[in-house]
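Whole structure, please, built from the sequences with the hints as guidance.
There are 2 protein chains.
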Amino acid sequence: MEVVSQNRCFDGVQMVCTHPSQVCGVDMTFGIYLPPQAEDGPVPVLWYLSGLTCTHENAMIKGGFQQHAAEHGIAMIFPDTSPRGEGVADDDAYDLGQGAGFYVNATRAPWTAHYRMYDYVLDELRGLVLDNLPIADVHGVTGHSMGGHGALTLALRNPDRFDSLSAFAPIANPTRSDWGRKQLSAYLGDDESAWACYDASLLLEEHGWKDAILIDQGAGDQFLDLLRPEALATVLARRRQAGLVRMQPGYDHSYYFVASFAGEHVGWHAERLHRRRN
Amino acid sequence: MEVVSQNRCFDGVQMVCTHPSQVCGVDMTFGIYLPPQAEDGPVPVLWYLSGLTCTHENAMIKGGFQQHAAEHGIAMIFPDTSPRGEGVADDDAYDLGQGAGFYVNATRAPWTAHYRMYDYVLDELRGLVLDNLPIADVHGVTGHSMGGHGALTLALRNPDRFDSLSAFAPIANPTRSDWGRKQLSAYLGDDESAWACYDASLLLEEHGWKDAILIDQGAGDQFLDLLRPEALATVLARRRQAGLVRMQPGYDHSYYFVASFAGEHVGWHAERLHRRRN
Numbered sequence: 001m002e003v004v005s006q007n008r009c010f011d012g013v014q015m016v017c018t019h020p021s022q023v024c025g026v027d028m029t030f031g032i033y034l035p036p037q038a039e040d041g042p043v044p045v046l047w048y049l050s051g052l053t054c055t056h057e058n059a060m061i062k063g064g065f066q067q068h069a070a071e072h073g074i075a076m077i078f079p080d081t082s083p084r085g086e087g088v089a090d091d092d093a094y095d096l097g098q099g100a101g102f103y104v105n106a107t108r109a110p111w112t113a114h115y116r117m118y119d120y121v122l123d124e125l126r127g128l129v130l131d132n133l134p135i136a137d138v139h140g141v142t143g144h145s146m147g148g149h150g151a152l153t154l155a156l157r158n159p160d161r162f163d164s165l166s167a168f169a170p171i172a173n174p175t176r177s178d179w180g181r182k183q184l185s186a187y188l189g190d191d192e193s194a195w196a197c198y199d200a201s202l203l204l205e206e207h208g209w210k211d212a213i214l215i216d217q218g219a220g221d222q223f224l225d226l227l228r229p230e231a232l233a234t235v236l237a238r239r240r241q242a243g244l245v246r247m248q249p250g251y252d253h254s255y256y257f258v259a260s261f262a263g264e265h266v267g268w269h270a271e272r273l274h275r276r277r278n
Numbered sequence: 001m002e003v004v005s006q007n008r009c010f011d012g013v014q015m016v017c018t019h020p021s022q023v024c025g026v027d028m029t030f031g032i033y034l035p036p037q038a039e040d041g042p043v044p045v046l047w048y049l050s051g052l053t054c055t056h057e058n059a060m061i062k063g064g065f066q067q068h069a070a071e072h073g074i075a076m077i078f079p080d081t082s083p084r085g086e087g088v089a090d091d092d093a094y095d096l097g098q099g100a101g102f103y104v105n106a107t108r109a110p111w112t113a114h115y116r117m118y119d120y121v122l123d124e125l126r127g128l129v130l131d132n133l134p135i136a137d138v139h140g141v142t143g144h145s146m147g148g149h150g151a152l153t154l155a156l157r158n159p160d161r162f163d164s165l166s167a168f169a170p171i172a173n174p175t176r177s178d179w180g181r182k183q184l185s186a187y188l189g190d191d192e193s194a195w196a197c198y199d200a201s202l203l204l205e206e207h208g209w210k211d212a213i214l215i216d217q218g219a220g221d222q223f224l225d226l227l228r229p230e231a232l233a234t235v236l237a238r239r240r241q242a243g244l245v246r247m248q249p250g251y252d253h254s255y256y257f258v259a260s261f262a263g264e265h266v267g268w269h270a271e272r273l274h275r276r277r278n
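Protein chains in written order, with UniProt numbering: chain R, 1 to 278; chain C, 1 to 278.
Chain copies aren't distinguished; within one or between two, either way the pair holds.
Once the Cα atoms are required to be at most 25 Å apart in a straight line, the calculated SDA-like pairs of lysine to any residue come out as:
1. K62 / P36
2. K182 / T55
3. K210 / M247
Think of the hints as simulated: they come from the structure by calculation, not from any bench.
Printed below as a string of structure tokens:
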């Protein structure tokens, strides 16, 4: 693991690191924020998964999370959204290939060689940061848009690995959306039965979740038809699943929306992660 | 004035606007954040002037100011750092021409036709926002690096126009720095007597300031030799000028530094601007 940059931020440190990834077969880059409390020992960590077209940088620059992470004494990890570089398959569309890994393990050519973001985030990057940084083995996960989909599907399938769960404007039902069907078909093939384990609404219906789930969604989001929050809200209500889907009036899909609610999400996770640790 | 975009943010609205500028002779773009309190009537405004290479966008995306402006009920304006576009003189260097207006009124060719950022910020943009937006005629000013220089020089020369003053890592003594001598020579000519009215340390020596001044400076800033905070600190002490130059250990010149202290600066201005208004 190589440290590319580090900047002091809210008395902690914002780092960018690269490392060779066995899972993705290329070097991967991620951002990590360590709060000042990490100087005194390992701290719980909140994973933030980003949306389409993003790299590790967008949320760490535009989300305003560091202030809240410093206040609450938790670290934050900002993984990239796909493998990148020469030799990594890509597509001309913004929503397939590099920048659009969808947090799945691809099983179809040409994607299968590198596109294994599910295993990368769940196992490899987790192991790397636990081995190399002052991170306690206590994890929450959140994300925005495609990253909200990633957060929900990773957590719902692995309740032993995550102790808190939230999302910002997640792609909530990708098997029924053009943000999903195209990508799942490309990465996994046309057999839709293989897609269900990457659909938050279907997973919540099947498994539920062990604690409350926090979802914020801008009511003025220009992509509401693609995100399908109503699918997740329906399952939540039908299953009597603890949690809340908050439709936030006037907010759109941008990072101005994410930043506006970043503090509440970090507080939500910190409360649960610190309780879990004690 | 045309509204290019607006995004809901911390229950207020982040807008980007363009307008034809008489002073600069081209269309100019600026960002403005209106806090939720502006729905009930005009609010005081804090001007944020950006540094070299920046546009109106950098601080509004990376500074995290909106949260604090919403909390304190003040608007924020983010002007561009120079005129731009075809027909506007430029230079290959990052620190001269477009993106590097230095908040001066140029008097030398080829700059004199468009580079009048001093008058633009002080008069034209001020009049425009007062006429068109729910802004009270009560102003504070801050900025970063070249923009800190702009904030200090605009306020020190116009104490009737500004009621609060701070800066982040300002170019504090440009007549003695390579961030200054090159640009002042290009924009104003080689007669150094014309430069003094654009040097914060010289202006503070001559005029003082009617209230306390807040300066934050990263002690790990990679550009300390160019910024020369020691010149401003010396004048502050020698004149018994109220104020503080805080050397912040470990912080560099980036927006991670700016964001870390944005809340304290907004609070500093809000206290003074609201007091002035009452």
